[in-house]
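Chemist: Sequence:
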Amino acid sequence: MSTVADLITKKGSDVIGVRETSTVLEATQRMNDSRVGAVVVIDEAGRLIGLFTERDVMRRVVAMRRDPEHTRVAEVMTHEVITCDPCDDLEDLAGLMRDHRIRHIPCVDRAQDGKLCGIVSIGDVNAHHVGQVEAQVHQLSEYVYGRA
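Numbering (our numbering), first residue to last: 1 to 148.
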């Protein structure tokens, strides 16, 4: 059973964040520069207060014809953020992402007062699953054919 902590240890715990006062233009430039599809939104104390995603850009900025240079992230971010804990099972997380149709989930350590410790994307989960399947195929191949 793999956990979120296992995945974060493997992929890294770097989290790209923006302040709630950042403009959409600044946030999307940061996303592009970092090659990510979402950034966490943090307040002045560094606490997670929202998530800003490519979907937010499309639905709440482009579709509403808002000016990205003058629209603040706080106006268009996802406020109700679903989070996970490092101890959560990766299969449960995949189900949560599927059921809620979300692609990014910030990981907060509930044992450490909600400290942000990473972000998990559906791509991370899929890559982990592919790695597990490849390892199983290799092991079965060694068993069947007796090769390394």
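Don't read these hints as lab results, they were simulated from the structure.
C-beta: ideal position from N, C-alpha, C; glycine also.
Any given hint could turn out to be false.
[As the list claims (entries may be wrong)] Taking CB as the label site, the calculated pair distances span:
hint, residue 1, residue 2, range
1, G37, V144, 29 to 35 Å
2, R103, V144, 22 to 28 Å
3, V144, E80, 47 to 53 Å
4, Q29, D6, 28 to 34 Å
5, R98, A45, 49 to 55 Å
6, A74, A94, 51 to 57 Å
7, T9, R65, 22 to 28 Å
8, Y143, R101, 19 to 25 Å
9, R101, R35, 20 to 26 Å
10, M64, H138, 47 to 53 Å
11, E80, D14, 35 to 41 Å
12, V144, A111, 39 to 45 Å
Chemist: Hints broken by the structure, by number, lowest first?
Modeler: 1, 2, 5, 6, 7, 8 and 11
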